[in-house]
Structure formats: structure tokens, C-alpha cells
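Since chain B is already given, all that's left is putting chain C on it; use the hints.
Next come the chains, spelled out residue by residue.
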Amino acid sequence: MAVPEKPILYSYFRSSCSWRVRIALALKGIDYDIIPINLIKDGGQQLAIIEYLEETRPTPIRLLPQDPKKRASVRMISDIIASGIQPLQNLSVLKKMGQETQLTWARAVINSGFGALEHVLQSTAGKYCVGDEISMADICLVPQVANAERFKVDFSPYPTISRINKTLLTMEAFQVSHPSRQPDTPPELRA
Amino acid sequence: MQAGKPILYSYFRSSCSWRVRIALALKGIDYDIIPINLIKDGGQQFTREFQTLSPMNQVPVLKIDDVTLAQSLAIIEYLEETRPTPIRLLPQDPKKRASVRMISDIIASGIQPLQNLSVLKKMGQETQLTWARAVINSGFGALEHVLQSTAGKYCVGDEISMADICLVPQVANAERFKVDFSPYPTISRINKTLLTMEAFQVSHPSRQPDTPPELRA
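Read top to bottom, the protein sequences are chains B and C.
Numbered per the numbering used here, the first sequence spans residues 1 to 191.
Numbered per the numbering used here, the second sequence spans residues 1 to 217.
Isolated chain B (complex conformation):
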């Protein structure tokens, strides 16, 4: 039998979309090679990758709960971030906004989305975004919070988002995959 090849991830250290996939690979204990890319294609397809990893590699941990209603909550939160926030403040959109409007636009988009998310989390969150099991929703949350911090968003209206983010960042999968620790991280940004 041929030795299965290591998966290859095309990744940009700072891309929140790449980071989501890196977290998922770390949680699943999947060893992989990175080919750094310096262009940022639109980020719309990594949820498909995460769902594929979930379906083909159910161990060591699940990224979606078993119950369909909880799965719907996980996907809803993931979509709020991956469709409702991230695409509207990604690099190519910001470039079209122009230098002066960029920051205001990004903050408005993030505040609008985080406001909704904080509200949703009131009914879904336990230790993590949905109950007490880590999920794809948490995988989407952390990179988006990092984006928000780069745009200097004020987090006082988002205590639940802040709490969950803090908890997640203590986990190894979120640390090894962090933008500050990638092969293509510039020296000045390295952890």
C-alpha cells in the first residue's frame, strides 16, 4: 500500500480563514505541510474543509455535536462569522473602500456582527459557543476576534465573546495554529 501523503495546506499566516483550518487540523491531530501564500483569495470555502475533516476523521474530538438542533446552532454561529462578518472586512473589500473609510467600515461590520453574535450566545453558550463542547463555531470565533482586535474594536459590549475567546486561546490547538507562529510569520510579528 502506498504511504498516504501528508495533507498540504496553502495558508497565509494572518488570514483568519487559513487560521480556522489550521485550528481544525490541530484539534484533529492531523500532521500537515504548509505552503505559504501571500495572496488572499476570498475566504468562503474553509467551512467546507472543516466539515470534510469532521466527516472523514471523527477522532480524537468532534467538531460538531450529535444533536441536529445543536449542530444548527454551531453552523448558524459559524455562518454569522464566515458569511456575515469576515467577507465584509477582508483585504480585497477593504482595498476597494479606500484608506480613509477602511477602519470605520471594518469596525461597523464587526460591531454589527458581534452585536448579533453576543445576543445569540446568550442562548447557546456554555463553556464554549454552543454548550460545553468545543465546535466549529469556536474555530470561527477566535480568528474573527483577532481581526477585531487589529481594528481596535471595543470589546466591552461583548463579554461572552471575550470570555469564550480567552478560554479557547489557552488551548494548544489555538496556540500552535496562531498567526504569530507560522512558517511565514514575519520576524517582527513572531511570538
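Bear in mind the hints are in silico, worked out from the structure with no lab data behind them.
Keep in mind that a hint or two might mislead.
[Said to hold, decoys possible] Selected chain B positions facing chain C (in silico; Cβ < 8 Å):
1) Glu51
2) Pro58
3) Arg71
4) Gly84
5) Ala116
6) Thr170
7) Met171
Glycine included, each C-beta is placed from N, C-alpha and C at the ideal position.
Quick look at chain C alone, frame taken from chain B:
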């Protein structure tokens, strides 16, 4: 309204609402519509009443099985998991499922949000059309390319899927923005095939309870 029937909060012209209407039709699920007009009265999606259902102030929202679901793809996946008959909306093979989800994500994350009503409002009247076309052309270019390797009769092989459900409403949006379809023969062909199906017709924006008379089929 009949007790226990699912309720869909929908706007006739919203492509995201249309996706869920198609899925409900394909699954043979009977439901009631509560129309939410995104433009009238400053936008009915902003009423406090609706906001408790949808913190994002967006349609569609589906009330079903004693839960309130938002985000069209999350809703469709829920319908798929809880109602596997009469037809599947995702294939069994994980790699084909990934293709279906990837195509759905290209549309639902990569195109639609960038040209939806609230973003266009922020663009301002003069830039709106150029912006919408640029976003759609960029996304459709990528999609046409992906379909070269995935498409059969439909977006992924010869079975209808969530990808097809996302495609048709986005094509309708593109037509409203007068996008030129000559670079997208595969998208055009698949769209044409899908529009002959009943589920895509009964759910069409021109046939909804809130369709204005002048746009009615």
C-alpha cells in the same frame, strides 16, 4: 395558521430566503410564510419584534420543531439531517459533500454578502451597480472554473444538491444587475435546467405572497 406548521420569515426577493423556500419545496415540507419587507417602513427586519427572532436583522428565519433557526445554509443542513426523504440535498460521499459545500460557500460567503441590500446601501447610488457586478463577476468566474471539475447535469454530478439551491437565486441577482453571462456557460446551463423543476418554480420570487402585483408571474 395551522398549529405546528413551520413558519418561514421571508422576503420575496431575498436570495437567501429563496434558498430555504427551494429546500422546503424539495423536501415536500408544507409551511406558512410571514413576509418581512426589507425596504418598506425603513425595513421591517429592524423592528424589535423581528430582531428577537433574528439578531442579525436578516431573513430567512425558520421556526420549526420548537426551535428558531437562522442562516440559510445552517437551516438547509438541519432540514437535510432531520428529513432525509424524499430527496437528499447532499451526496453521501464526503469528497462530493465537500464540493457541494464549497460551491455553496463560494456563493453564500463569497458573493451574496458583498452585494446584499445593506452593503449596497453603504456603497451609495453611483457605485452600487459597478460594485455589485464586480463582486458577482469575480465570484462567478471562480465558480465557472470550479464547475468544470464538479458539474454533471447539476453543480455536482447528476444529483441535485445544496449547491444548486444556492446557484439559482444568485443567478437571478446577477440578472437584476444585468451581468453579462457569456463567460459563464456552465452556470447558465445548470440554471436553465434547474428552473424547469417545480421546487424552483413554486418558490420563485414572482410567486410569493408578498410579491408586488407588477412583478407577479
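Minimum Cβ distance from B:Pro58 to chain C below 8 Å? 11 Å, violated
Would you check whether B:Thr170 satisfies its interface hint, that is, whether its CB is within less than 8 Å of any CB in chain C? The hint is violated - B:Thr170 has no Cβ within 8 Å of chain C, the shortest such distance being about 28 Å.
Would the stated hint for B:Gly84 survive a check requiring a Cβ distance to chain C of less than 8 Å? B:Gly84 check passes; min Cβ-Cβ to chain C is 6 Å, inside 8 Å.
Going by Cβ atoms only, is B:Glu51 closer than 8 Å to chain C? B:Glu51 check passes; min Cβ-Cβ to chain C is 6 Å, inside 8 Å.
Does B:Ala116 pass the interface check with chain C, least Cβ-Cβ distance below 8 Å? 4 Å, holds
Does the CB of B:Arg71 sit less than 8 Å away from some CB of chain C? 7 Å, holds
Just to be careful: measuring from the Cβ of B:Met171 to every Cβ in chain C, is the smallest value less than 8 Å? 24 Å, violated
Violation of the numbered hints given earlier is confined to hints 2, 6, 7; the remaining hints are satisfied by the structure.
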